[in-house]
Amino acid sequence: MDGQIQIGMRLWLGVVGVAASLLLLAPAEAASGRLLATGGATSIEGAAGGGLVPWAVISGYTEDDQFGGTVTLSRAQVDDYRLDVTAAAFSYGNRFEFSVAQQMFTLENLGAELRQQVIGAKYKVAGDLIYGNIPQISVGGMYKRNTRYDLPQAVGSERDSDWEAYVAVSRAWLAGPFDRTWLANATIRSTRANQTGLLGYGGDLNDSHELQLEAALGMFLHRSLAVGVEYRQKPDNLSFAREQDWMSAFVAWFPSKHVALVGAYVDLGEIAGARNQTGYYLSLQASF
Amino acid sequence: MTSLLKLTSTMLVVSAMAMTLVAVSPSARANSLYHDLGEREGIEILMEDLLLYVAEDKRINHHFVDIDILRLHEKLSEQICELAGGPCVYTGDDMVTSHTGMDLTNTDFNALVEALQKAMDDRNISVGAQNRLLALLAPMHGDIVGR
Ligand code: HEM
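First to last, the sequence lines map onto chains A and B. The opening residue of the first sequence carries number 1 in our numbering; numbering runs sequentially from there. The opening residue of the second sequence carries number 1001 in our numbering; numbering runs sequentially from there.
The hints are simulated quantities; they were obtained by calculation from the structure and are not laboratory data. Do not take every clue at face value.
As the list claims (entries may be wrong) - Label pairs and their in silico Cβ distance ranges: (1) A/Thr86 to B/Arg1071: 51 to 59 angstroms; (2) B/Glu1039 to A/Tyr143: 51 to 59 angstroms; (3) A/Val251 to B/His1062: 36 to 44 angstroms; (4) A/Arg82 to B/Ser1032: 45 to 53 angstroms; (5) B/Asn1061 to A/Val259: 22 to 30 angstroms; (6) B/Glu1039 to A/Thr106: 26 to 34 angstroms; (7) B/Phe1064 to A/Tyr123: 30 to 38 angstroms; (8) B/Asp1103 to A/Arg159: 44 to 52 angstroms.
What the hints assert, rightly or not - Only part of the chain A face toward chain B is listed, based on derived beta-carbon distances under 7 angstroms: (9) Leu35; (10) Arg148; (11) Asp150.
Where a beta carbon is used, it is the ideal one built from N, C-alpha and C, also for glycine.
Can you make the complete structure from the sequences, with help from the hints?
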């Protein structure tokens, strides 16, 4: 177990190191070929999107043959729990994204914590967020693992790592209702993660991948400020406690192509027996 | 949770209503865009500002060095005026013809959009009018990029 954690740590440090050096390599000027906010923010699993949902958008502002990246710190604080996320993403053009995220979930009443690492890749297969007749369609995959498995195992998780795959569709309307720019996203994910994987993968009630629907709708008040809502359907695999879908209402501010700040109200439902977990979410992203 | 559902459905209903309104009188709305852009004179100033921002932008200014910039200003102004519902007739070449051989990229196109956004900000053009103009220009992307 200890050895496993060490390997995990080394793998993690390696991945972060690679991401960091790629970021340093990317010239600041190179990654500015897309319009403001078209890379979205960074979701809790590291993929570009909203807060809870990965969208079809590619992280950052890379277009054509540019490459660049983002680093993000996020926190969700609800009644009995806190989620802290450190994430980095590397992107090539408006085409490909590679992301890593490290999650720490603190059970404040128990003085315990859960840990998950997520490595993700996303590829735009067709369309565009703004131009042409086809919405932006991307496929993505995530490899998730618990780097602490004591609690997930105790509550009945079947395994400490797993794969997920998703298809996401995003489209913006430049002059939608109220002459404002609107963005809609729908994502279908194949998953058997318990509480997104923080409580392991698979359980006694269900141990196979299921398709879950996730969605987002946002409106830009002006081109650097958006408000919106997100919804994330989740499986319910463990008999020890009920799991519910997640929702959020967010405000996203893009003061420049280098910074994005997201604040949200989140409703995470029932988690490990504690009901009505609501609170705030904050996320700060830097792009290169 | 229910309140969020309500919020979502409210937003959807409101958007549906707004879309219906938008669909009612397209010509009146296009004409009001012409007005919001400051009519012929405002559009000419706007296009001048646009070209000044383009000239400052290292990503794209090299495309504009050896051209008849006065003609471009005149044609652009006519085109935007006509698009916005104003009493103008565009007399220039079509978009495919005028951009063929330039091998323009998405970055180029977005850079031009950003120049236009800055120029519109400077002229205090409302967010709504900015969005309506951009929505009229975005469909030209396919005729302009990669030719
Ligand atoms: C929606 C976007 C665009 C619109 C509405 C537009 C419109 C026009 C118009 C009306 C002309 C004049 C045609 C004529 O002379 O008859 C023109 C020419 C030109 N455009 Fe664009 N254009 C767009 C995008 C771009 C982009 C992205 C670039 C480069 C970054 C560009 C570079 C040029 C150049 C260099 C000319 C002059 C060609 C010449 O005189 O030889 N345009 N454009």
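A quick look at each hint next to the structure:
1. A/Thr86 to B/Arg1071: 51 to 59 angstroms: holds (54 angstroms)
2. B/Glu1039 to A/Tyr143: 51 to 59 angstroms: At 58 angstroms between Cβs, range holds.
3. A/Val251 to B/His1062: 36 to 44 angstroms: holds (39 angstroms)
4. A/Arg82 to B/Ser1032: 45 to 53 angstroms: About 50 angstroms separates the Cβ atoms of A/Arg82 and B/Ser1032, which means 45 to 53 angstroms holds.
5. B/Asn1061 to A/Val259: 22 to 30 angstroms: At 26 angstroms between Cβs, range holds.
6. B/Glu1039 to A/Thr106: 26 to 34 angstroms: At roughly 60 angstroms between Cβ atoms, A/Thr106 and B/Glu1039 fall outside 26 to 34 angstroms, so the hint is violated.
7. B/Phe1064 to A/Tyr123: 30 to 38 angstroms: For B/Phe1064 and A/Tyr123 the Cβ distance comes to about 35 angstroms; the hint holds.
8. B/Asp1103 to A/Arg159: 44 to 52 angstroms: holds (51 angstroms)
9. Leu35: holds (5 angstroms)
10. Arg148: violated (29 angstroms)
11. Asp150: violated (31 angstroms)
Going through the hint list in order, the structure does not satisfy hints 6, 10, 11.
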